[in-house]
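Undergrad: One letter stands for each residue in the lines below.
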Amino acid sequence: MNLGSVFEQTISQMFGVNAMVFAMAVIGLNVHFGYTGLLNFGQIGFVAMGGYGLGMSITIFGWNPWLGLLVGLLYALLFALLLGIPTLRLRGDYLAIVTIAASEVLRILVRSTTVAEWTGGNTGLTGFADAFYELNPFTERVYEFGPFFYTGPNLFILTIGWPLVLLVTLLVWQLMRSPWGRVVKAIREDEDAARALGKNAYWYKMQALMLGGVIGGLAGILLAIANSTVQPDYFVPVQTFFMWTALILGGVGRVWSPIVGSMLFWGLLTVSDGVLRSFESEGWIPRWLMSAAQVGQIRFMLVGVVLALLMVYRPQGLFGSREEMMLDAR
Amino acid sequence: MPADIAGSPLAGVPHEPGVDKPDPILAVQGMSKSFGGLLAVDVDKVSVQRGLITALIGPNGAGKTTFFNLLTGFDEVDSGTATFDGRDVSGMSPFRLANMGMVRTFQLTKSLTRLSVIENMKLGARDQRGESFLPAFIPFFWRDQEEDIEDRAEALLERFQLSHMRDEYAGTLSGGQRKLLEMARALMAEPRLVMLDEPMAGVNPALTQSLLEHVKGLRTQGITVVFVEHNMDVVRDISDWVVVMSEGRVIFEGPPDVISQDPAVIDAYLGAHHDAPLTEEQEEKQIASAEAELAESEGENT
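Which chain is which? The protein sequence lines are W and Z, in order.
Residues 1 to 330, numbered by our numbering, are exactly what the first sequence covers, in order.
Residues 1001 to 1302, numbered by our numbering, are exactly what the second sequence covers, in order.
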């Protein structure tokens, strides 16, 4: 393995399915935390809801695939309501606790045998994506763009997914420069001030939670179609924290940070993976320090180191404004 | 200029707690609130005259801020009713009260630090079409209104001498400027009643004068003002009527020039019993009870 192919893989990953799904989910997280100040530690639960909503309505209920897309979004919306109604009247930390717990409860629930009839238990659901791939114009197995290559189905979902990510980014951008955006940002800064000025903070927080949740659900739908399956074990809490990492890398509360942060996150993982592997195969890394089997874990350590360095030298993230960041340090 | 009581609408009103006003904008009855065993507020009856400046004073811990929070919906009352402009507003949430025209400020200013000064101001405007979720996506629906709001905000910034900070983050303002911003922002909501919680706290003397002028300006505009304040010079200078609270109750009401002569007020501030020198008998009693407590706690430890 040479460094040239590491570079190619990295670029492929930066525009790949993982980065695309993350970018979408992180836009939702940015609506929650970056703009409204809601501490959501269960974004992966919304992603799961989107995926399972799609999968269940087609595979189990046998509904129209296009309706399935709507059901996926609806599941995420209901999840937001379920979490928001009891917690949004309370202080912010309660939402954090409830979201992380609820997303984990959800994952354990869908993989349990009790509801396997509807969720497929620990094997998840399959066979719901065919209707979408019938529309796939990329019928060849592999497409090459110079040194980069994608499989036909992947290329299909990417050509739909990335423009969708862009579209949602633009919609969120428009929303956040409207008076509605001003209200949620005011709530982020000081909820009581917003209430004293006649804004129904509870309802705005609920709207933001639903919006970000539905965007997370959309990420789940993209993920489910891209993989042609939903697997419960994908939706572990650590995914939410990877999403937070991507958000912080990009810069909290900035329009482009979810996209750039997600690309950066997956790029960093791939580059460190490739570099470590090639060093290891060249014998440059002594065995007692690291074996090939450990690369997978050690690359996450490297991402952690990068994140720590970022916090020290550029705490506002790639796009954030340092001036604004400093104002927050009260 | 202290209000000329002879020409005031309150000229013939007796100086006693809970007295009825000729034209009340806000009236409270039997309002109480306790935190655990502490009865923080227990107000039988109090009303606020429309179009005047009413000061709410009292020693520390008198329950002024709690009373304020109850009136503005930020704390839930245990019992009691409130009427604002003839409508029952008991238990109404803060945002509804604000939309009815009762807008408050806070003792610790709540400037929205990571919004610009002008955005802070624009937030204050009521009934914004662009604040609804779906219309927010389409500027066509709200652009005209937004421009009107911006014009109004700029005029107010001018009046409060904050125009030069228009595009700065509110977090970069000085403490006094934040007080000005908060007051100006409250005016964006076009209130009929402004509730100011310690508007002069932490403001340097030079700015105090300008703030005072702004508060008087509200009265000229026909806006009713209720404010909590510790500084008696300020109270004497701008208020038309003073309500004195102590230990959660209203103990006196009257124009500012007579409050310092009332024995109940003097007792509340200087302490009729708390800080007065103890008699020998009382002192012995206190020492005895303290020793008993000590003995008890030692007994527990061993």
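Errors might be hidden in some of the hints.
[Said to hold, decoys possible] A short list of chain Z residues far from chain W (calculated; beta carbon distances all over 12 Å):
#1 P1009
#2 E1016
#3 P1017
#4 D1023
#5 D1042
#6 D1078
#7 E1119
#8 D1127
#9 S1132
#10 E1146
#11 E1182
#12 G1202
#13 E1247
#14 D1262
#15 E1293
[What the hints assert, rightly or not] So the derived label-pair ranges between C-beta atoms look like this:
#16 Z:D1078 / W:D192: 56 to 62 Å
#17 Z:E1293 / W:S321: 39 to 45 Å
#18 Z:Q1029 / W:F61: 53 to 59 Å
#19 W:F148 / Z:S1163: 52 to 58 Å
#20 W:R89 / Z:E1247: 42 to 48 Å
#21 W:M311 / Z:P1139: 46 to 52 Å
None of these hints come from the bench; they were simulated from the model.
C-beta: ideal position from N, C-alpha, C; glycine also.
Undergrad: It remains to establish, for every hint, whether it holds in the given structure.
TA: Evaluation of the provided hints:
no. : hint                         : result
1   : P1009                        : holds, 28 Å
2   : E1016                        : holds, 32 Å
3   : P1017                        : holds, 28 Å
4   : D1023                        : holds, 25 Å
5   : D1042                        : holds, 25 Å
6   : D1078                        : holds, 19 Å
7   : E1119                        : violated, 6 Å
8   : D1127                        : violated, 9 Å
9   : S1132                        : violated, 7 Å
10  : E1146                        : violated, 7 Å
11  : E1182                        : violated, 8 Å
12  : G1202                        : holds, 15 Å
13  : E1247                        : holds, 26 Å
14  : D1262                        : holds, 33 Å
15  : E1293                        : holds, 36 Å
16  : Z:D1078 / W:D192: 56 to 62 Å : violated, 21 Å
17  : Z:E1293 / W:S321: 39 to 45 Å : violated, 57 Å
18  : Z:Q1029 / W:F61: 53 to 59 Å  : holds, 58 Å
19  : W:F148 / Z:S1163: 52 to 58 Å : holds, 54 Å
20  : W:R89 / Z:E1247: 42 to 48 Å  : violated, 31 Å
21  : W:M311 / Z:P1139: 46 to 52 Å : violated, 37 Å
Of the numbered hints given earlier, the model fails hints 7, 8, 9, 10, 11, 16, 17, 20 and 21; all others are met.
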